[in-house]
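Number of protein chains: 2
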Amino acid sequence: MSSPAVEDPPVLPALLLFHRMSAGFYAATHAALRQRYRLLDFYASGEPLPAFLAGAAAMPDPPRAAVVVGGRYIRVDAELLDAVPSLAFVCNTGAGVDHVDLHECARRGVAVANSGNVYSADVADQAVGLLIDVLRQVSAAGRFVRSGSWPVQGDYPLGRKLGGKRVGIIGMGNIGSLIAKRLEAFGCVIYYNSRRQKDSVPYKYFLNIHELASESDVLVVACALNKDTRQIVDKGVLEALGKDGIIINIGRGAHVDEVELVRALKEGRIAGAGLDVFENEPKVPPELFSMDNVVMTHHIAIFTAESMYDLRDRTICNLEAFFSGKPLLTPVHPW
Amino acid sequence: MSSPAVEDPPVLPALLLFHRMSAGFYAATHAALRQRYRLLDFYASGEPLPAFLAGAAAMPDPPRAAVVVGGRYIRVDAELLDAVPSLAFVCNTGAGVDHVDLHECARRGVAVANSGNVYSADVADQAVGLLIDVLRQVSAAGRFVRSGSWPVQGDYPLGRKLGGKRVGIIGMGNIGSLIAKRLEAFGCVIYYNSRRQKDSVPYKYFLNIHELASESDVLVVACALNKDTRQIVDKGVLEALGKDGIIINIGRGAHVDEVELVRALKEGRIAGAGLDVFENEPKVPPELFSMDNVVMTHHIAIFTAESMYDLRDRTICNLEAFFSGKPLLTPVHPW
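As they're listed, the protein sequences go chains A and B. Number 5 in my numbering belongs to position 5 of the first sequence; there are no gaps in the numbering. Number 1162 in my numbering belongs to position 162 of the second sequence; there are no gaps in the numbering.
Derived by calculation from the structure, the hints in this document are not laboratory data. Treat the hints loosely; a few may be bogus.
Claimed, not checked - In silico lysine-lysine, DSSO-like type, Cα no more than 27 Å apart, as pairs: (1) 1181/B with 204/A; (2) 181/A with 1165/B; (3) 181/A with 1181/B; (4) 1198/B with 181/A.
Using the sequences and the hints given, assemble the complete structure.
Structure representation (structure tokens):
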């Protein structure tokens, strides 16, 4: 075993990295991390997960921290924490933490941070963009123009106005409140559902999600994914929303019963959808591909060049706080 | 010649109609007009314009009013007014009146009305939708998803954030001020150019369009089309806007030098464009069809079901005001 005394230059702290860097999204963050830490990069390693974790745990200075991006690729659960018992900090770089077992982390004294509100404005912007697109048929009109149909066909169905639409927002956290602020400027009427009524916002609160759906023209899913919100938009909620209703989902695919959503769209039981997230990403139900009343983006609501720089700074600061024993900037608790 | 006395039921007033009703956009308005007026429908007549106008002028009760939609199909100018000298009122149902020679109408005492602010919110919404789409790549991402590329390719360039962008609005009328109000909610910084500085808005004013362009990340064309604003966005303005700049046009195609715009986009001298209008509609420069940084809709910014109902009411009220000698609701003057 080597000792720090014989090493030159000094050993950087080990850091587990669970980022698909091949996606290129996190280049700025990656470079900044490499300067400060010895990266144990799972996706670059090419190893199966158990072997990779066992190798990390067997190092003379096993990793005390992990940087993890949300999504389906990795779960921070009892099994992973058992495999690397040195782990004391999970720094999540996504907006959601549904891939982290917060209770298990808390029980073991493993601290968790996320990216805080770095992405909130971008996600809110994307939600509004999807809603305008569905109502005003921006993408569909683009296909119409690009196919050369305008001079030939001329005719086109009318769009729908934003002003006056009742928008029910599920989840009135950072993102939900920014969506509300934006849509107020368009003359929309804001309703919301969340675990508790919020004193900080003036909008009408619905404890019951079915009542929210039946009073709303548009439902926007903007809550965290947990056991209470999994498939919060189910067959009954879609029915309550009704045939003129629109679903916008910038949360997680699992918030919506996708099979029922596709069925309701096919049968005209709801009017349209704007979806940044899907249940089995990167798979998208192919039935949606031919629907002009569905606007789809590929889980990009957080991805702007500007927010990636903010993310880098937030990640570095959280890691530095952890390694120097200071309070985390944006801790996440299971309660 | 027949006399009103022998007619039963009483003759409805004649009304010239220059609407391409085949487009189906104006069905609600059309039905309401038919109840109140004897429609002399140019597009339904199948006649050449001179013959149609001569026929209308030769009637025992020649038309005193015309309902005209904007666009390239008809021009209300000296020639048309000469052909139907009975004409005393032009009721325009579009947002712009660049197809009406306002000075010639005023000189002859022909009153002109337009649709007022019926469409303003819809046009502002479309402008914001186009901008979000260009910055956040909504339409391009949709093509990516629909083509099945997500599971295969994975990677995608980052979008750009709305917050903090300096948006230079050309024209701070009804539409411009509604665009500004919306974009403020996204954290954009609003600049503007118009004939005169407005006391009613708090935004920074630029008399010089080149200065506006060079200080802005985004230019939004939202002014009326007239001799001063034709090709207001020319080669020099595009250069001043620069390679990271974005053009949004919800005004008229003729506001922008389209040849120079296409060239600048092809050569990467501006970053993108969101276009609802084109110079030679319904023709669109085919070079744009393959550009992912260009979002196009087919002059639909005013077309929502809700605004069509408002339009019908506004049109009927303006016609009733004219025929009963009362003040027009939304008169237009050449000054």
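Status of each hint after checking the structure:
1. 1181/B with 204/A: holds, 23 Å
2. 181/A with 1165/B: holds, 18 Å
3. 181/A with 1181/B: Distance ~12 Å between residue 181/A and residue 1181/B Cα, so the pair holds.
4. 1198/B with 181/A: holds, 26 Å
Consistency with the previously given hints is maintained throughout, with no hint failing.
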